[in-house]
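**Student:** If you read the protein sequences in the order shown, they are chains A and B. Each residue of the first sequence is one higher than the one before, starting from 143 at the first, in my numbering. Each residue of the second sequence is one higher than the one before, starting from 4 at the first, in my numbering.
Hints are computed from structural coordinates only; laboratory data are not their basis. Mixed in with the good hints there might be a few duds.
[Said to hold, decoys possible] Footprint (simulated), chain A over chain B, 3 or more residues, beta carbon under 8 angstroms:
| hint | region |
| --- | --- |
| 1 | 16-30 |
| 2 | 219-226 |
| 3 | 231-240 |
[Stated by the list, open to error] Partner residues are not named here, just some residues of chain B that face chain A (Cβ under 7 angstroms, in silico):
| hint | residue |
| --- | --- |
| 4 | Q73 |
| 5 | L101 |
| 6 | Q104 |
| 7 | G117 |
| 8 | A120 |
| 9 | P124 |
| 10 | R180 |
| 11 | F182 |
| 12 | P184 |
Quick caveat: nothing in here was measured; it's all calculated off a predicted structure. Every residue, glycine too, gets a C-beta built ideally from N, C-alpha and C.
Spelled out, the chains give:
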Amino acid sequence: MLDKNGIAKRIAREVKDGMYVNLGIGIPTLVANFIPEGINVVLQSENGILGMGPFPYEGEEDADLINAGKQTVTLLPGASIFDSAMSFGMIRAQKVDLTILGAMEVSENGDIANWKIPGKMVKGMGGAMDLVASAKNIIVAMQHVNKAGESKLLPACTLPLTGVRCVKKIVTELAVLDVLPEGGFRLMERAPGVSVEQIKNATKGKLIVEGIIPEMEI
Amino acid sequence: MINKVVKNAEEAIKDIHDGAVLLVGGFGLCGIPENLIAALVKKGVKNLTCISNNAGVDDFGLGLLLQTRQIKKMISSYVGENDEFERQMLSGELEVELIPQGTLATRCLMAGYGIPAFYTPAGFGTEVGEGKESRKFTFNGIEKDYLMEYAFESDFALVKAWKGDEAGNLIFRSTARNFNPLMAMAGKITIAEVEELVPAGTLHPDQIHTPGIYVHRIFQGEKYEKRIEQRTVRKRN
């Protein structure tokens, strides 16, 4: 079973040289720590940065320079700054190659819910609806089951949707799964020490298991 | 040169009335018009509709206008990190409309470009799309459903820039740019507060982000706290 860093490390392998990538808040943010040497990627932050760098050294924080999670950050050589309309313009026009974000639920046809729990939590969608409606490639980083032990990979989402038929790949603490265009979660890899049986038990939506499922390399 | 300079925040907002619809720049607490918000609190205008990406925190930004119950309705994309906001929303005291961030930005841009409506895929198939006109388009070789969204109509835009000149030309700094140039373009009357106000001719015309035609009033803010919401740092090795 993977911890949060393990999930991030596995997702980092999906990041290819030359990509522009948008990382969501939470586990997706950790992905930046595991991008291998020699792979050049540019991180986009939807509040208006291309070329986002690491957190600043203590004493060098700049109130005018934050990421989409409102954290102080830095800029790398070659970075640029733009307004919010251009930021979502480059997202809609699919100039951004890969979007990695968290989810509360994903359905077997690729619907995603991650912005609202009626009666409990309403913080808003921020840029998530724009990102999932337009991104070429969306990877979801999340826990396979919620705190109550219920599967988050479902036949249909129960929470208000963020987007429809958009998720292509999911990486959880148990597995890597592809969401098939015709519907269904196709099991691609098992986390170290996790059995196919365990993944079946934790997946409420349609799980497709074909052949021998390899253990992930991370 | 048409001189847009006003004395201070109080003078700049003198005609903002009860029930006004305001566009308020900033992302989180970054690039917010601190002095204009303080002046609105002092003036005590009520029943405001504020269109702003976020709602500030309990004791800063638009949170200050929530504390004094001056806001009737918020149109935002993300409103976490504000307990008083949550309380007013759940009790029904405050009307809240949540919309996707890119839609919010583009509704400002379109207002400034004179385009009344546009299509975006964001929110199709979700509750954001309920009751909205939709249409299929093939774009870049992909057929998709799009929602029609309208340009914002508002009474005033309150924005914050780094530098500005007497003619109302604005330059923003770093990610404090965010929604500010878009809202500046969208306002029927746009009020800009700047950290440094300079004589016309000082800023290089090639460097201007927002041309003065979009700005009706400009002043240098008395002081800037520029509060950081999430101070994150790394250790020096």
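**Student:** Now tell me if each hint is right for this structure.
**Tutor:** So, going through the hints one by one against the coordinates:
Given a C-beta distance limit of less than 8 angstroms, the hint that chain A covers the region 16-30 of chain B is violated, as 1 residues qualify and 3 are needed. As drawn, the region 219-226 of chain B meets chain A at 0 residues by the rule of a beta-carbon pair under 8 angstroms; below three, the given contact is violated. With 9 residues having a beta carbon nearer than 8 angstroms to a beta carbon of chain A, the region 231-240 of chain B meets the requirement of three or more and the stated coverage holds. Taking 7 angstroms as the C-beta contact cut-off toward chain A, the hint placing B:Q73 at the interface is violated, the least distance being around 21 angstroms.
For the restraint placing B:L101 at the interface with chain A, the shortest Cβ-Cβ distance is roughly 5 angstroms, inside the 7 angstroms limit, so the hint holds. With a least beta-carbon distance of about 4 angstroms to chain A, the hint placing B:Q104 at the interface is held under the 7 angstroms criterion. A hinted interface residue such as B:G117 counts as satisfied when its beta carbon comes closer than 7 angstroms to some beta carbon of chain A; here the least separation is about 15 angstroms, so the hint is violated. At a threshold of 7 angstroms, the smallest CB-CB gap from B:A120 to chain A is about 15 angstroms, leaving the interface hint violated.
Taking 7 angstroms as the C-beta cut-off, the interface hint given for B:P124 holds, the closest approach to chain A being about 4 angstroms. Interface restraint check for B:R180: the shortest CB-CB distance to chain A comes to about 5 angstroms, inside 7 angstroms, so the restraint holds. Here the hint on B:F182 is kept, as its CB sits about 5 angstroms from the closest CB of chain A, short of 7 angstroms. Residue-level restraint check for B:P184 holds (minimum Cβ-Cβ distance to chain A is 5 angstroms; threshold 7 angstroms).
When held up to the earlier numbered hints, the structure conflicts with 1, 2, 4, 7, 8 and fits the remainder.
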